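If you want the building blocks of each chain, they are given just below.
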Amino acid sequence: MTKTLLDKIWDAHEVAPGLLYIDLHLVHEVTSPQAFDALRLAGRTVRRPDRTLATADHNVPTDAPAAAAQIADHLSRKQVEALERNCREFAVPIYSVGSQRQGIVHVIGPELGVTQPGMTIVCGDSHTATHGALGALAFGIGTSEVEHVLATQTLQQSKPRAMLIRYEGELGFGVTAKDLILGTIGQMGVEGGVGHVIEYAGPVIEALSMEGRMTVCNMTIEGGGRAGMVAPDDTTFEWLEGRPAAPDPTPEEWRGLRTDPGASFDREMVVDAAALSPQVTWGTTPGMVASVTATVPDPRTEGEERALVYMDLEAGTPIQEIALDRVFIGSCTNARVGDLRAAAAIVEGRRVAESLEAMVVPGSQQVKAEAEAEGLDEVFRRAGFDWRSAGCSMCLGMNPDVLAPGERCASTSNRNFEGRQGRGGRSHLVSPQMAAAAAIEGRFVDVREWSL
Amino acid sequence: MKPVGVVQGGVSVLDRDDVDTDQIMPKQFLKRVERSGFGEFLFHDWAKEPGWRLERNPILVTGRNFGCGSSREHAPWGLQDYGFEAIVAPSFADIFHSNCTKIGLLPVVLPADEVRALMEAREARVDLERRTVEHGGRAVAFEIDDQTRHRLLNGLDDIGITLGQADSIEAYERDRERVGPVTTAL
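Protein chains in written order, with our numbering: chain H, 1 to 452; chain Z, 1001 to 1186.
Just chain Z, with the same shape it has in the complex (with noise of 0.2 Å):
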C-alpha cells in the first residue's frame, strides 16, 4: 500500500445518499479475477444516465452511508483506479470504510453541513497528518482512528505487521483456541 498523506487538488461531486456498492462497480465486473483496470467500469449503469457526470479529480464527495451493501473491494480499487485518492461523506458504510483503509484510499467523514460546503468548492486539500479538509481558505477537522491514520501515513501492510505477532497467534492457537469443527475432516 503507497502512503497516504495529503491529498489535494480537484473535487468532484457525487451528490446521493446511500449510494451501494453495487452501483459503484456492478456486478457483472466482479467476474474479473485481476485486481486493477477496475476504473473503467465505475459507476458503469449510472454513467448511461443523462447529465451524468463525474470528473477523475483526487478527492471525492459524497452523501451519507457511502458504499452500503455489498462487501466487495472491487467498489475501492474501481474509486482508487479512476483516480480518487480521499473520499469525503458524512457518513460511511462499515466494510466499505474498511476496505478503503486497506488499500490507502483515505475515507473522510465529516459534518454534513461542512460536507455540502466542500461540495461548493472546486479544489481542497485533505492533510491526514494535521487531520484537516482545507478550502477556501478554511481548514474543517476531521477524526480518524491512530492506527488507521498510522498505517495509512505510513503505508504498512497489514499481514506483514500481523505476522511479526506470529508468536501471539501460536501462544493463542495452544492454549486458548476452542475445540471447534474441522473443516478439512468432513
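Extracted from the complex, chain H is given alone in its bound form (with noise of 0.2 Å):
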C-alpha cells in the first residue's frame, strides 16, 4: 500500500489507536507552569526527560541578561525562574537566560540536531510546525497536552487529513521563502488548513535552504493547518551534519521518508511559484495580503473593513506608499543565520532613514554567534539598526521591545493580529528582505527592482 509521509511518520509512532508516542517535547516558560504544578499536584513525574528540552524565550529581554535574576520585568522574572525551577525538579534538561544554547524553542531545536526528520515533536506553542522543513511530524498543543506529554510521553490524536501543496515553477529573483508562504496563505485562506497536515512539494521546495523550508512550515498554522512538513533529502541531511544531537552517519531509514509515488492526500492544491512577487501584509490576519506592487484592496468583508480601519488605511493606497515606523527583523519565522545574512546583503553601505528606528534579533545564542562572527553585526550597526540578544522579541509582545500604540512595523515575524506586536501597533509581515529594504527607504519598496 502506498503510504504518505505523514502516514510513515504517524504508523510507526502508533502506540494503541488514537494514542500518539512523541519523541521530542520543546518546553518553554509560558505554557508550562500550570502543567508543572499539575503534575505536582497529582504526584506525577516527568515519563521522558531525556526526550524533553526547555528554553526560555517569549519573556526574555533580549539587552542580554546573564541570569533570569537580571530580568527587569517582575512577572516575566517570576515566570522564567518557575521554569528554571520546574525543569531542576523535574530534571528536565534547560537552556535558560545567560545560556550559550538559549534561543527562540523552534530555532534550537534543529540547530542542535534534536529536530530529526521522522520524529514526532509537541511544544506548548503554535510556531513548532516549524521543525516540520525537517520531515518530522511536529505541532503545537496546549497546556493541559503540555502536562499529558509530560507525564505519559504520548498524545490522544485523532489522525488529522492529509493535504499536498505542490509549488510549479521557480521563485523569481529577489522573491523568497517568507513571499511563497504568505502569498500560499494569501490563496488559501487562514482557515485553508483547518484538520490538514500539509506537506509541501515540488522543485522550488526542493530549492529551498534549510531555513527556508522552516519558514514555510512555521506559518502553516497562519492558513489553519496543524503541522507542515517537507521530505527530508540531501540538504536536509547535509545541514544536520556535526549539529551536537545529529546522529552520525546519516540514517539509512530517513531516505524513506517521502510519499510514496501515487499515494492520495485528502486535498490537493496546485500554487504557481513564478507568479509569486514580494508580499506585504495591508491587514489583521495574515491572508490579508498583496503584493508590493498593489495597492491596498477594497474591503470585501466586514473583517476587512475592520482591519483597515485599525490599520489606519485606506483602499487603493499603493502598498509602496505605507510609510513606517519600525522595522523588526526577528522571530521563529524568520531570525536565522541564513535570514540576517540576506538582510545584511540589502542594508549594507547604506542607512536606515532618519524617520523610522530598526532592530534586528536573532533567533538564538549560537545564531548570534555566528552572526557576528562573520561581522553582520556590525553591518547592521553601521547602518543605524539596533543589534539585540536573542529572545522572541517583538514578535509577540511578552517583553520589553513593543510598539507603541499607532506605530507602523514592517516585520519578519509570522502573525499581524490587533495588538500582537504591542496594543495598538500595526504590523505588516514581509520577508527579511523587504524589512531590510523598508529600513532604508522608510517605507515599502519592492525590493526586486530597488537591488538593482
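In short, the hints are calculated from the structure, not lab data. Just so we're clear, the structure is a prediction, and the values are computed from it rather than from any experiment. Honestly, I wouldn't trust all of these hints.
Stated by the list, open to error - Each computed DSS-like pair below joins lysine-lysine, with the alpha-carbon atoms no more than 30 Å apart: (1) Lys159/H with Lys3/H; (2) Lys78/H with Lys1048/Z; (3) Lys159/H with Lys1002/Z; (4) Lys8/H with Lys159/H.
Each chain sits in its own coordinate frame; assemble them with the hints.
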C-alpha cells in the first residue's frame, strides 16, 4: 500500500489506536507552569526527561541578561524562574537565560540537531510546525496536552487529514520562502488548512535552503494547518551533519521518509510559484496580503473593513507609499543566520531612514555568535540597526520590545493580529529582504527593482 | 474536568470571523503562572472599544475559524472562567478546539446559516448526549466525535486514561522506540 510521509510517521508512532508516541517534547516558560503544577499536585513525574528540552524565549528581554534574576519585569522574571525551578525538580534539561544555547525554541531544536527526520515533536506553541521542515511531524499543543506529554510521553490524537501543496515554476529574483508562504496563505485563506497536515512539495521546495523550508513550515498554522512538512533530502542531511545531537552517519532509513509515488492525499492544491512577487500584509490576519506592487484592496467583508480601520489604511493606497515607524527583523519565522545574511546584504553600506527605528534580533545565542563571527552585527550597526540578543522579542510583545500605540512596523514575524506586537501597534509581515529595504527607505519598496 | 451534559441558558453573540487567541487573551496576561482567574482579562483590548458588549452567559455564538493563532490555553481558560460552557461557531481552529475539549468547554460546530439563526435567539439548550442545539422550538443536530463526546460527558481525566495504558507505552518504548536524540546527553 502506498503511503504519504504523514502515514509513515504516524504509523511508526501509534502506541495504540489514537495514542501517539512523542519523540521530543520542547518546553518554554509561558505554556508550561500550570502543567508542571498539575503534575506536582497529582504526584506524577516527567516520564522521559531525556526526550524533553526546555528553553526560555517569550519573556526574555533582548538586552542580553546574564541570568533570570536580571529580568526587570517582575512577572517575566517569575515565569522564567518558575521554568528553571520546574526543570530542576523534574530533571528536565534546560537552556535558560545566560546559556550559550538559549534561544527561540523553534530555532534551537533544529540548530542542536534534536529535531530530526521521522520524529514526532510537540511543544506548547503553535509555531512548532517549523520543525516539520526537517521531515518530522511537529505540531503545537495546549497546556493540558503539555501536562499529558510530560506525564505519559504520548498524546491522544485522531489522525489529521493529509494535504499536499505542490509548487510549480521557480521563484523569481527577490522572491523568498516568506513570500511563498504568505502568497500561499493569501490564496488558501487563514482556515484553508484546518484539520490537515500539509506536505509542501515541488522543485521550489526542493531548491529551498533548510532555513527557507523552516520559514514555510513555520507559518503553516497561519493557514490553519496543524503541521507542515517537507520530505527530508540531501539538503536536510547535510544541514544536520555535525550538529550536537545529530547521528553520524546519516541513518539509511531517513531516505525512505517520503511520500510514495501514487499515494493519495485528502486534498491537493497547486500554487504557481513563478507568479509570486514580494508580499506585504495590509490587514490583521496573515491572509490579508498583497503584492508589493499592488494597492491596499477594497474591503470585501466586515472583517476587512475593520482591519483597514485598525491599520489606518485607505483602500487604493499603493503599498509602496505606506510609511513606517519601526522595522523588526527576528522571530521563529525569520531569525536564522541565513535570514540575517540576506537582510545584511541589502543594508550593507546604506543607512536606516531617519524617520524610523530598526532592530535585528537573532533567533538564538548561537545564531548571534555565528552572525557576529561573520561581521553581520557590524553591518547592521553601521547602517543604524539596533543589534539585540536572542529571544521572541517583538514578535509577540511579552518582553520590553513592543510597538507603541499607532506605530507601524515592517516585521519578519508571523502574525499581524491586532495588538500582537504591542497594543494599538500596526504590523505588516514581510521577508527579511523586504524589511531591510523598507528600513533604508522608510517605506515599502519592491526589493526586486530597488536592489538593482 | 467537570462532566458536560446539557448547557442551557442565555446566548452571547460575538459576530466576528477569525477571532484569534491574541484577542481572546492578550499576551500581557500570559505571564501569570496560575490557571484560574483569567475571566476578567477576556477580550481585554476589544472590551475598551465603544459599544462592546459581551454578556456572561453559558453559551457563546460566534464566527468561523474561532480561536485561530496562538496555542495558548489561557484563551479557553478565560472563556470558561467568564462563564461560557459551550461555544457555537461555523468552524474552530484545531488547537483551540482541542484545548476546549481538554477543560470541559464544549465546542459545537453548526452550519453558518444555523449559527446565524442562533445569534438571533436569546436562549438555547445544547445537549451533548443528543448532539443537538435547541432554540425557538427547533432542534439542530451537530457532529462531534464519539471519543471526545464520551470524555466530555463523563468528565474523564485524559492522563488517568493514558496511564491505564502504561503497559502499551512501555512495550512501545521497549520494542519500537526509534533511536533518537537524548536531550539529557547534550
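Quick rundown of the hints versus the structure:
1. Lys159/H with Lys3/H: Since the Cα atoms of lysine 159/H and lysine 3/H sit roughly 14 Å apart, the hinted pair holds (cutoff 30 Å).
2. Lys78/H with Lys1048/Z: 28 Å, holds
3. Lys159/H with Lys1002/Z: Holds. Lysine 159/H to lysine 1002/Z sits at ~26 Å (cutoff 30 Å).
4. Lys8/H with Lys159/H: 12 Å, holds
Going through the hint list in order, the structure satisfies each hint without exception.
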